[in-house]
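Work out the full structure, taking the sequences as your base and the hints as a guide.
2 protein chains.
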Amino acid sequence: MAATEIQLDLPVDMHVHVRQPPMSSLIVPHLALGGIQTAYIMPNTIPPISNVSQCVEYLDQLESLLPPSSDVELIGTLYLSPTLTPAEVQRAAAVRHPKTGRLRIGGVKSYPRGVTTNSDGGIESYDVYDEVFAEMERQGLVLNLHGEVPSDEEKNITVLNAEASFLQHLHKLHAKFPKLRIVLEHATTAAAVEAVKQCGDTVGCSITPHHLQLIVDDWAGKPVNFCKPVAKTWDDRKALRDVIRSGHPRFFLGSDSAPHPFASKMPSAASHGDVQTAASCGCAAGVYTSPILIPLCATLLESFGALDRLEAYVSTNARSFYRLPVSQGSAKRILRREQTTVPSSFTLDAHKDKDDWARDKAQVVPFWAGKELPWKIIS
Amino acid sequence: MAATEIQLDLPVDMHVHVRQPPMSSLIVPHLALGGIQTAYIMPNTIPPISNVSQCVEYLDQLESLLPPSSDVELIGTLYLSPTLTPAEVQRAAAVRHPKTGRLRIGGVKSYPRGVTTNSDGGIESYDVYDEVFAEMERQGLVLNLHGEVPSDEEKNITVLNAEASFLQHLHKLHAKFPKLRIVLEHATTAAAVEAVKQCGDTVGCSITPHHLQLIVDDWAGKPVNFCKPVAKTWDDRKALRDVIRSGHPRFFLGSDSAPHPFASKMPSAASHGDVQTAASCGCAAGVYTSPILIPLCATLLESFGALDRLEAYVSTNARSFYRLPVSQGSAKRILRREQTTVPSSFTLDAHKDKDDWARDKAQVVPFWAGKELPWKIIS
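Protein chains in written order, with full-length UniProt numbering: chain A, 1 to 379; chain B, 1 to 379.
Among these hints, one or two may not hold up.
Same chains, same label: a pair holds when it works inside one copy or across any pair of copies.
To be verified - Derived EDC-like pairs: lysine to aspartate or glutamate, alpha-carbon spacing no greater than 16 angstroms straight-line:
1. LYS238 <-> GLU194
2. LYS332 <-> GLU5
3. LYS155 <-> ASP217
4. LYS238 <-> GLU153
5. LYS238 <-> ASP152
6. LYS172 <-> GLU137
Simulated from the structure, these hints should not be mistaken for laboratory data.
The model shown is predicted, which means the values in this text are computed figures rather than measured ones.
Set out below in structure tokens:
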């Protein structure tokens, strides 16, 4: 008999992009809409969040966008770059939320240069960060890795094997800093799953819901499904599904939900009739799942027989790895089996009455737009 | 010292899509514009060209679109489907051009079901075609293979290994019909190049210019570079370049030039502000190279040190394999080193003054739109 209601320890999304104004005012309220209680906020803003004062200011700004009734908590991250010092790591680890007293900055995110959105300031080599990583290890900050190397003709590296080619760096970092908690973000390959399993208890791995669904065929010619790392093969998808179904405690939800204005996702909308611009522009990489996140996760896990692992995937595994408090008392998210349609788009209020062109720049199309989801959040 | 002028035996394009009215009236004159003298026309029209009378009618219609001064000759093909009989193969082989007396139908094209544009009527198994292939072998018609199998979760087949997974069929067909001339169309992988090399002299292979340039990274999020088979890795591209540079006589130009209206290449143009339609539509697969074909080939081959193989690639290898007459007397194509800019788009005359939306449906964006080509056709 299929379940009709599910109670979950309050969900956490350990990898999410909420952007900056005005986009952030549309996106931040979607965290609660999608069922998330704790959101781990990525620092690849423009400019990136590279020090403690920027991070606190950014978190204050984002928290002001939360609905008053919201139970959502935000955890900030810093962007790894040569300006980050061990002293700044100490300062980051000491920041407490003025109201809750909880840790406010959870980790440091590393982007290899040029491989994804706003990663031009990303790292080229990890060797120069030994002292920073050693201090993070002492202070208990997490290192979050975008695990891809740049494409390289000599080494035959493309978007297809960029992740597998990165895994040697994960192993090296883990060997050098065995007590440093490291998260390989948005794993997409069987090789990555295997690598994380082989590491010790200080290495975790986030898996997005869209990578539990998509393969390469789904983004071939479909910009709405194009993201980085790109979705790979059936066997890779099976490895991601299998590790979630196994309930392995170091694999958990990080949605990598990334809102891109429709105009940047679909260049011909931005170009407004200029075919040359449209043809030469690339489509932005990213899939937007925040407003439907937990119902989507329930739907996907049920589709491959892992609904009993939903709480582990969306809450308890990450809470344990990140040392986050479990739900206070009886607080739970409750899902009921009830069909809802994924909205076709979300538009900033201030742009709703504007013309097509202006609206395209303030409009975000979610993953599975227009599809039915069989699960709905009821509290 | 770099060459400043090149004389070529008249070029042939052994794989080209010129579509139907009204698109064909824009496209057919581009064959001459791109430097082609003989064009081998694909039959995946709507409906497909599946018998001799359809093919002759189609060729007549296309020839009426050739400029009066043009030296372009067209060779037709039939679409392989269960309606094709050995008797129809005999009829096809007997068709002569009313003016030149030359063979008018060169071969039969096989599309695996559902893998590319207008392939819904494609084949599922070759076994039922034994008698047709035997008759083609006797009559000297060529079998042109779109060498991909459909994606398959059980077998872990995606767009990435669809070609490599097809090669067993090429070997089987060649073993069964050793005198049947077979062309593996638009090879994209090192595996395909190796497979063709291993076959005997009756197996040839077309290679598109865009696959001599693109890799998977180039179509990740860039609909203008998305085609089937998809471009693969650096090593695959190197294998294609190497075999052209080696001058291997059974590898030759088949552009697979495929004009798609801008609106179908860029769904947001077609959807005209409807983001849900735009997001859910796929982009049409195909790269359009006809109007710049020979200058593009010269540019690419020069870029990887194979300009001395240009004539073999664009003319003599295919003429020999297909038993086409070599240039009559002193007729040559002459290229001069002179920069020209690739037009940003080509638009049907009747649609030039229409609004953005109507124009998008009658407008084709060529490969390398807006880029400079260092070679120009001067006669």
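Verification of the supplied hints:
For the homomeric pair LYS238 and GLU194, the shortest alpha-carbon distance inside one copy (12 angstroms) is at most 16 angstroms, but the shortest distance between copies (31 angstroms) is not. For the identical chains of this complex, LYS332 and GLU5 are intra-copy neighbours only, at 12 angstroms inside a copy versus 76 angstroms across copies, given an alpha-carbon limit of 16 angstroms. Taking the shortest alpha-carbon separations for LYS155 and ASP217, only the inter-copy value of 14 angstroms comes in at or below 16 angstroms, while the best intra-copy value is 24 angstroms. In this homomeric assembly, LYS238 and GLU153 come within 16 angstroms of each other (Cα to Cα) only across copies, at 10 angstroms, whereas the closest approach inside a single copy is 29 angstroms.
Proximity of LYS238 to ASP152 under the C-alpha cut-off of 16 angstroms is restricted to the inter-copy arrangement: shortest distance 13 angstroms between copies versus 28 angstroms within a copy. In the homo-oligomer, the alpha carbons of LYS172 and GLU137 lie at most 16 angstroms apart inside one protomer (15 angstroms), although the nearest pairing across protomers, at 59 angstroms, exceeds that limit.
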